[in-house]
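A.B. asks: Sequence:
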Amino acid sequence: MAKATPGRSFPNIKEYSSESPEHLGKGGFGDTWKAWDRTRSSYVAVKIFYSRRAYISFDTATENERELLDMSKDECTAVQDIVKKGLQMPPPYKDSVQYLCQ
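Here my numbering is used: the first residue of the sequence shown is 41, the next is one more, and so on.
Hints listed in this document are in silico derivations from the structure and should not be mistaken for laboratory results. Note that the structure is a prediction, hence the values are computed from the model and not measured. Note that CB positions come from ideal geometry on N, CA and C, so glycine has one too. Hints are not guaranteed to be accurate.
In silico DSBU-like links for lysine-lysine, alpha-carbon gap of 30 Å or less [unchecked claim]:
1) Lys87 with Lys74
2) Lys54 with Lys113
3) Lys66 with Lys125
4) Lys74 with Lys113
5) Lys125 with Lys113
6) Lys66 with Lys113
7) Lys87 with Lys66
8) Lys54 with Lys87
9) Lys74 with Lys125
10) Lys87 with Lys125
11) Lys66 with Lys124
12) Lys54 with Lys74
13) Lys113 with Lys124
14) Lys66 with Lys54
15) Lys113 with Lys87
16) Lys87 with Lys124
17) Lys74 with Lys124
18) Lys124 with Lys54
FRET-style restraints, in silico, Cβ to Cβ [to be verified]:
19) Gly47 with Gln128: 34 to 42 Å
20) Asn104 with Glu59: 15 to 23 Å
21) Lys124 with Arg48: 27 to 35 Å
22) Ser91 with Gln128: 32 to 40 Å
23) Lys66 with Gln128: 26 to 34 Å
24) Arg78 with Ser112: 16 to 24 Å
25) Gly65 with Lys113: 14 to 22 Å
Let's have the full structure, built from the sequences with the hints guiding it.
C.D. replies: In structure tokens, the structure reads:
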């Protein structure tokens, strides 16, 4: 992962286009960006963790940071399950799920 400043610049990640990312928000552990996913051919929300003013990846993370990254995978899977189930529901619920995920 190329160096980038959290909250200011999107890092170079091969799966995502860096042409027009949009910074969606910042939390205690990471940033969330809207970026084009080359694999899915659609926009997705990308959560990127940081530590000490630098983004981290699994390769650069400490052991404690790796544990947090692993736990975040469970959270992401849970959100994806909610979206999948919500998209199968009739309106207005389906429309609400789509709005939350845009």
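A.B. asks: All hints, please: hold or fail.
C.D. replies: Going through the hints against the structure:
1. Lys87 with Lys74: 9 Å, holds
2. Lys54 with Lys113: 19 Å, holds
3. Lys66 with Lys125: Holds, because 27 Å separates the two Cα atoms, which is no more than 30 Å.
4. Lys74 with Lys113: It holds: about 18 Å lies between the C-alpha atoms, which stays within 30 Å.
5. Lys125 with Lys113: 18 Å, holds
6. Lys66 with Lys113: 18 Å, holds
7. Lys87 with Lys66: 9 Å, holds
8. Lys54 with Lys87: 15 Å, holds
9. Lys74 with Lys125: 22 Å, holds
10. Lys87 with Lys125: OK: Lys87 and Lys125 at ~22 Å, within 30 Å.
11. Lys66 with Lys124: 25 Å, holds
12. Lys54 with Lys74: 15 Å, holds
13. Lys113 with Lys124: Holds. Lys113 to Lys124 sits at ~16 Å (cutoff 30 Å).
14. Lys66 with Lys54: Between Lys66 and Lys54 the Cα gap is close to 22 Å, so the pair holds against 30 Å.
15. Lys113 with Lys87: Status holds; Cα separation ~10 Å.
16. Lys87 with Lys124: 19 Å, holds
17. Lys74 with Lys124: Holds. Lys74 to Lys124 sits at ~19 Å (cutoff 30 Å).
18. Lys124 with Lys54: 26 Å, holds
19. Gly47 with Gln128: 34 to 42 Å: Hint holds: Cβ distance 35 Å, inside 34 to 42 Å.
20. Asn104 with Glu59: 15 to 23 Å: Because 34 Å falls outside the window, the suggested range is violated.
21. Lys124 with Arg48: 27 to 35 Å: The hint (27 to 35 Å, Cβ to Cβ) holds, given that Lys124 and Arg48 are roughly 33 Å apart.
22. Ser91 with Gln128: 32 to 40 Å: Since the Cβ atoms of Ser91 and Gln128 sit about 38 Å apart, the hinted range of 32 to 40 Å holds.
23. Lys66 with Gln128: 26 to 34 Å: 32 Å, holds
24. Arg78 with Ser112: 16 to 24 Å: Between Arg78 and Ser112, where Cβ atoms are some 22 Å apart, the hint holds.
25. Gly65 with Lys113: 14 to 22 Å: 20 Å, holds
The structure fails hint 20 only (numbered hints given earlier).
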